[in-house]
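Going by the numbering used here, the first residue of the sequence shown is number 1, and it counts up by one from there.
Do not take every clue at face value.
Capping the alpha-carbon separation at 25 Å, the derived lysine-lysine pairs in DSS-like fashion look like this [claimed, not checked]:
| id | residue 1 | residue 2 |
| --- | --- | --- |
| 1 | K318 | K336 |
| 2 | K121 | K152 |
| 3 | K227 | K336 |
| 4 | K280 | K318 |
| 5 | K275 | K89 |
| 6 | K152 | K112 |
Hint data in this document are derived by calculation from the structure and do not stem from the laboratory.
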Amino acid sequence: MKKKSTGKIGVLLVNLGTPDTPNTPDVRKYLREFLLDPRVMDINPVGRYALVNGIIAPFRAPKSAKVYQQLWTDRGSPLMFHGLDLQAKLQTALGEDYHVAFGMRYQSPSIKSALEELREKSVDRIVVVPLFPQYAAATTGSVQEKIMEIVKDWWIIPSINFISSYCDDPGFINAFAELGKKYMAEDEYDHFVFSYHGVPERQVLKGSDHGYCKLGSCCNSYNKRNKYCYRASCFVTSRLLAEQLGLREDQYTVAFQSRLLSDPWLQPYTDDILKTMPAKGIKKVLAFSPAFVADCLETTIEVGEEFKEMFEHAGGEKWVLVESLNSSDTWVEALKNMVLEN
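The whole structure should be built from the sequences, with the hints applied where relevant.
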């Protein structure tokens, strides 16, 4: 018989982060913390410091601030308020035997403050859910490293269980399929695009199991050797989501967005492939961003607005973005089941 817990179980939801305000100084502060993470920019430390502080943060912050101002709402940053809504709804779904906390890897509320909140509740153990369905060293790996860095200084460390990847979780897939089916019921589309946040190819290769990764057909199956390969994770999410939506293989494209600097990133690039579609007779596209479970700059602005403009400029007629899971009831139920299983 399973031993009954004598105290609450802590659940820590973690997302990437957001500036405190859409003003340039706060955006610059956020960019510096984010890009100085060696798991995000895995280059020489001296070069990283010089590049971020001397070029990227000073010159990119004013431009990014303007985009964040477009994104900001009366409730503030969407990534923030969707996270808080999800925290509240998951707390209700799990009940009084659990305590759900929410933190950001960069900026506030910090992971440290969320962990302190759980420590003050004297939780028996902690289940950590990074809000990144597909494992990547620069996202989930960075969250895990940060948590371990913090708790190493605790005198008493409770059991901590990381849900490192849920790219093929049935509840997660169903939650995105449910949203997509609503759009498909309202209109017909020529093609479907699953656009994921990109990462440098070298980061995928660095995590390869003894050279298993070839950035090719090795991702056609999802197995124990590529379980933590970001590219393979994106492809399995796409295959399962396409299956739920009733799509043939030739009806959808998997692509990657948001690349930085000149090194090769995972391909194909979303902005490149969408420009070629109208000439092939693809005029109406339904786009998904399954790497993001909450709407943010990369979904609402990049995929929803910038890609739409590119597509129409190339001759496309309709580009529609399916919103992220945010705090939908189906997503809350999927998270609840993941927590209970772990």
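Verification of the supplied hints:
1. K318 with K336: 36 Å, violated
2. K121 with K152: 19 Å, holds
3. K227 with K336: 22 Å, holds
4. K280 with K318: 15 Å, holds
5. K275 with K89: 40 Å, violated
6. K152 with K112: Holds, at about 12 Å.
Taken one by one, the earlier hints fail for this structure at numbers 1, 5, listed in ascending order.
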